[in-house]
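Asker: Each chain, letter by letter, is given below.
Protein chains: 4
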Amino acid sequence: MAKDLIILAYSGGLDTSCILKWLIQKNYDVVCYIADIGQNEDFDKAKQKAELIGAKDVIVEDLRKEFVINYMLPGIQMGLVYESRYYLGTSLARPCISVGIVNAAKRLGAKYISHGATGKGNDQVRFELSVYSLWPDGKVIAPWRLPEFFNRFQGRSDLIEFAKRHNIPVSATPKAPWSTDENIMHISYESGVLEDPGVITPNGIYKMTRDLPETDNYPCTLDISFEKGLPISIKIPSDQEKALVISDPLAMVQTLNKIGGQHGIGRIDIVENRFLGLKSRGLYETPAGTILHVTHLDLEAYALDKEVLRLKKYLQDKMADFVYNGFWFSPEAIYTRKCLELSQESVTGTVTVQIFKGNVTVLARSSNTSLYNKDLVSMDIAGGFSPEDSTGFININAVRLKEYARFSAVTKF
Amino acid sequence: MAKDLIILAYSGGLDTSCILKWLIQKNYDVVCYIADIGQNEDFDKAKQKAELIGAKDVIVEDLRKEFVINYMLPGIQMGLVYESRYYLGTSLARPCISVGIVNAAKRLGAKYISHGATGKGNDQVRFELSVYSLWPDGKVIAPWRLPEFFNRFQGRSDLIEFAKRHNIPVSATPKAPWSTDENIMHISYESGVLEDPGVITPNGIYKMTRDLPETDNYPCTLDISFEKGLPISIKIPSDQEKALVISDPLAMVQTLNKIGGQHGIGRIDIVENRFLGLKSRGLYETPAGTILHVTHLDLEAYALDKEVLRLKKYLQDKMADFVYNGFWFSPEAIYTRKCLELSQESVTGTVTVQIFKGNVTVLARSSNTSLYNKDLVSMDIAGGFSPEDSTGFININAVRLKEYARFSAVTKF
Amino acid sequence: MAKDLIILAYSGGLDTSCILKWLIQKNYDVVCYIADIGQNEDFDKAKQKAELIGAKDVIVEDLRKEFVINYMLPGIQMGLVYESRYYLGTSLARPCISVGIVNAAKRLGAKYISHGATGKGNDQVRFELSVYSLWPDGKVIAPWRLPEFFNRFQGRSDLIEFAKRHNIPVSATPKAPWSTDENIMHISYESGVLEDPGVITPNGIYKMTRDLPETDNYPCTLDISFEKGLPISIKIPSDQEKALVISDPLAMVQTLNKIGGQHGIGRIDIVENRFLGLKSRGLYETPAGTILHVTHLDLEAYALDKEVLRLKKYLQDKMADFVYNGFWFSPEAIYTRKCLELSQESVTGTVTVQIFKGNVTVLARSSNTSLYNKDLVSMDIAGGFSPEDSTGFININAVRLKEYARFSAVTKF
Amino acid sequence: MAKDLIILAYSGGLDTSCILKWLIQKNYDVVCYIADIGQNEDFDKAKQKAELIGAKDVIVEDLRKEFVINYMLPGIQMGLVYESRYYLGTSLARPCISVGIVNAAKRLGAKYISHGATGKGNDQVRFELSVYSLWPDGKVIAPWRLPEFFNRFQGRSDLIEFAKRHNIPVSATPKAPWSTDENIMHISYESGVLEDPGVITPNGIYKMTRDLPETDNYPCTLDISFEKGLPISIKIPSDQEKALVISDPLAMVQTLNKIGGQHGIGRIDIVENRFLGLKSRGLYETPAGTILHVTHLDLEAYALDKEVLRLKKYLQDKMADFVYNGFWFSPEAIYTRKCLELSQESVTGTVTVQIFKGNVTVLARSSNTSLYNKDLVSMDIAGGFSPEDSTGFININAVRLKEYARFSAVTKF
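Protein chains in written order, with the UniProt record's numbering: chain E, 1 to 413; chain C, 1 to 413; chain S, 1 to 413; chain A, 1 to 413.
Each statement offered as a hint is correct.
Stretches of chain A that chain E covers, calculated by requiring three or more beta carbons in the stretch to come under 8 Å of a beta carbon on chain E:
(1) 364-377
(2) 381-390
(3) 395-403
The set of hints was computed from the structure by calculation and includes no laboratory data.
In this text, a Cβ means the ideal position worked out from N, Cα and C, and glycines have one as well.
For reference, chain E alone in the conformation it holds in the complex:
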């Protein structure tokens, strides 16, 4: 009888390598799926390793453009910030990878999808909710939540022993005392020595960005252009005649990562609330993402009507939660995304920004679709404004306050 086929989200690391072997032992055919979303990884080596362990096949798929265009940049456009600080670099990647692996599963006629995410984390949720949305009849096997598996592998040493026994190569370099998730948008660090929020993090942890003392001593000034809220190009002045203009989304992000990295942009060290109700401490570095968010926020405030801005802000905070919690493909996220895109119709223009010593400083902004009216606001020009009107405006606003004051003797405040 033919074996059931499983697609395993494979990273090449110890956990998923052991899971691969374990699934084969369970009598499954296993195809490994490796998504390239910009992490610094030797994909050939990972592929060989999986084949060595016994994978029926190994798929390596370059999803970098897909990730940048359909997840990261819309995340900027929508202004997604989780709990006021986190730009959702991991949360945005999960649905992207899920599309890749579900497509593979359907193509190959697989019955199951498996992954190495653990039982306390967000990623299992994001991954599985995306899979179930994309493939309602699909089934997910999460070994780290199966007693049979997690009772057998109670610590890293159990995994190493299992690996050695089954000729699975184990990296000679000792594992960092924290865990990491990396893609073209960001790297996150958590667990291990980082679990105590009162302990200052060790030096040398960050990889995309330089420490402030090591950053460049000359600021970088550049122009970032947006169309309907989406970053469309960056322009970097150069000593030569012509400025460098980059409009390929992937190259744009890579360039901003490089500049941001040189200037130490986009690090945060926070305690956040996981969807499961646990609090965890995470460190993130998001160089390009930070530059794009800061500039987008500036252009948006410049272009949008005041009240539309407030409605958009409400929806954006909701959407950040949806995305963090893994609901990218939910009805509410699909709906909210449409509404947020609608809000960005006039967020078109250019922001001039200086990148220096960890700071993203907006210097100027321009837009043909901004509601800003220089004459109207000018102290030197009437601009069609009648100052007497302000008296009526204030007096009418005071009607309610006076009533309340008389009523409650608020004057004692």
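Fit chains C, S and A to the supplied structure of chain E, relying on the hints for placement.
Answerer: Coordinates of chains C, S and A only, in the frame set by chain E:
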């Protein structure tokens, strides 16, 4: 017949000096009221000037402690940020000054209050709504909104001519080509050459903070402690034996301003939406306020329950609008403030922060009232957590998504 | 020299008749504009009266279809209810009339628009904000806010005297001791003897609906169908062979008004908050509107995803305020309306409803686009649901609660 | 060895009787806990039945006062309505019962709590989240979610067979083809023949309220008084000299239930969204609750400031979800409840209401703490209001709209 008494909010500048004279010409008795809220000003000189012009009396009142304790620090506690960026330094000062001037008006039996705020700005609204709340039967005279006044004084040159004619001293140093509002929390800059949001602001504009290239080359690390969300002390390590601990609110803010200033902390250049419906560009520097906001936000996320945090966030955004728009003494602001204070019951603890090159970097935080549970979140300890439960949690969350996917063939997304 | 042309929103009543005369005396050419939005009015008589007084021309425009299709029914679709009770019958009519009068003003080259709305009410705001949105360069003359006018006409007797002196016909029937606004959607009653919220309203006030003791003794059961949230047809069973189906929007509303009227549907007596900050008491009767709102709400809850419903609810409450306050043509209302329409994509189906003795009772509902899944929810069928999953779901939701309970000893509650 | 002690939430019905027996067979000591929250039940008979089956002890606790005072009336005060229609009669009862059973469990030194709620419903969640909040170390056994149990008892016939085999009395009267939850606040009906939302419900289903044709032919008019949002007394005029005044909370609710029942008040037939993501159809009758909600809403709108009302509304919608989902003892619900109570400080006064033919009609309201100002709103009295101010108010509000209109040529709308 006795003349009617007016209390004039007096700054010593050209506008309010001319208004003072104009009111006297209108046959009022005028008492000048100068609030010291930490602005860099020669109060004696201003007093003499007012007396010279003909003020019946001049009151100089030191409201710095009042401002810090009852407005600035509660603003931190409530997390007030207008349109995601502005810490409301001016908006918080207006109700404080209004209390001072209304109390003076009542004490002296005045019939009117007058001020030099212009007709397009926010401050007239904040000032008058506060006055009317505190003194519903009071009356405000705003010369810049009276045709008789604004038609006569159509530009700065008209004021200067009037001043010269009436022996009002005019400062020899030319006025900066922008206007400024200053207090212990911040300095704002707007108008004049800043009115074009596309023009990069000139060098040398900022006064509280150094430019990044001029900042100290060694970071300053300090501990900031909060009780129920209010900053209560800062602790600065020193080379000597004992760290410096400051818990006097005013001294705390002054010290943080000094440190923040040396490290270039807290500058923003934004376009904001005024209450009157105009967009304006403003520059702000808020050194101590920025350090306190960043650390408070960190401690709050660490201490508070996830869902309480979201409710608080909603109320905080509302409150920021109320304060910006001048509704500090409104029923909705009084109510919201109580709710926000309730949310801070457990926001008690200490944040360790590094101040360096324009960056406020949280390094660590501790709290006895945080809901953070290291064992619960640990990757190495079960901590009472059953991974199997996550499967049920995910599956139930997927019920709705699968229905929707089946229904709408969302898989095409 | 040619006189300036004013378009006056004319009702035929005493106020606007005197205003018409007064404007003519002020040396304007006045064209009267009468919108037929379904009020019970003799338009020919009103026209003749205006001509008699001296109107240069009188335009009577039938806006009933326009009002029903573009304002009333979208108000149902969006679920607009002000302060939980008022269906906005007047608020929705103002922008509709404004379009009519502004188009007339532009067509005729008028310089001004005038109206008889008073200074404390909402309608002046709704009317003028709509006019200024549609015609930013237009000017509005509101006599009831001009001291010259309101000082001269301090009460109804002044108007009557003026009318008599200028041969303006004054109705012989005494004015009702309250004021009324009527259109095809509703009639409102306020002011006069209704101003005291503690006084029970007199009998015989309502005109569209019967008092409960006078209502029909047999219920009326009918089907109402919606497409994307918009009512598209009603089906009334009859004794004859075929049920009566009405899909013309105007006829549909008229029929529901008739049925609702016979059964005493849709009266409310409330105190509401006006935009100007005053509280006022209003009585409303909205027969068709009430039937449509109740049935739409039912279908929407049946069809929509749970979380989309909550987002829509938030936006709907915002939109109700926008519309009440006169901001129909504002950027925020235009934006919110688009979002609300997006939310209704799947609100298609039919609701069976019984109309009887003041009650609109939903009996059943059906929809091909509802997310309701009978098998899934059935107590008798598993329907793909695993009860064990609920355990995990509950346990994970309890993680946060247990932490909080341990932390705060919530058990004392 | 001593057996482990379980407290079983016992109803006397077939399900919990079988569960009782099954738990005894599983070698537990079982104490049955019956909460009297106003359901129509023979508690003595239920007690005898449990003893007969083998319960170690049976506790019958009268929680009616507790339920009315600490859950139902605060639910009115907070204005809790789920998805715009459901007054949460069942949701409010669960935490109340949970307090009772947890107290019993702690008192008796029990290790487990068990219940008969099923795996698809809300009540398991409400019950268990409450238990875990009150008793974080407690454990819950939910047989209907254990495969061992639900595989054995796949339908009602399996339960009946088991009951017969073990001499458990089975009611001779056939079970209604739907399930019911009853307490002093309401009765709910769901499942069975009600599962198809397109089927009109059979006659004779409701028990607390009469069908409209059977209701009294004379209206009942009464006064309901509130203090800080809580109902404190009702006054019913009588033919005799003195009106009947009831201020005991339990008697007040019982009386209103009786009046409401005679007049057919408070029935709804809705499709709602369960916390687990399923949609279900439910019928509810809530006579007293409906009368109290309608009158509270009226008084609240009369008394509260406009903007406070909006903040309260937001929090109230959140709280309704918290309560429906079982989070009564959560940090967010405890916090929100405090905020909502704060909002009610001035909601004190009396509403006169007519109860007739299914309608709760507010006739008048009075309050010493209302912000309503009759002079201010009067059309006949200036009341300190300057109509000219409205011009400025409108013009300033139009500034933003005109900008937008010029910008977007909104005139095409």
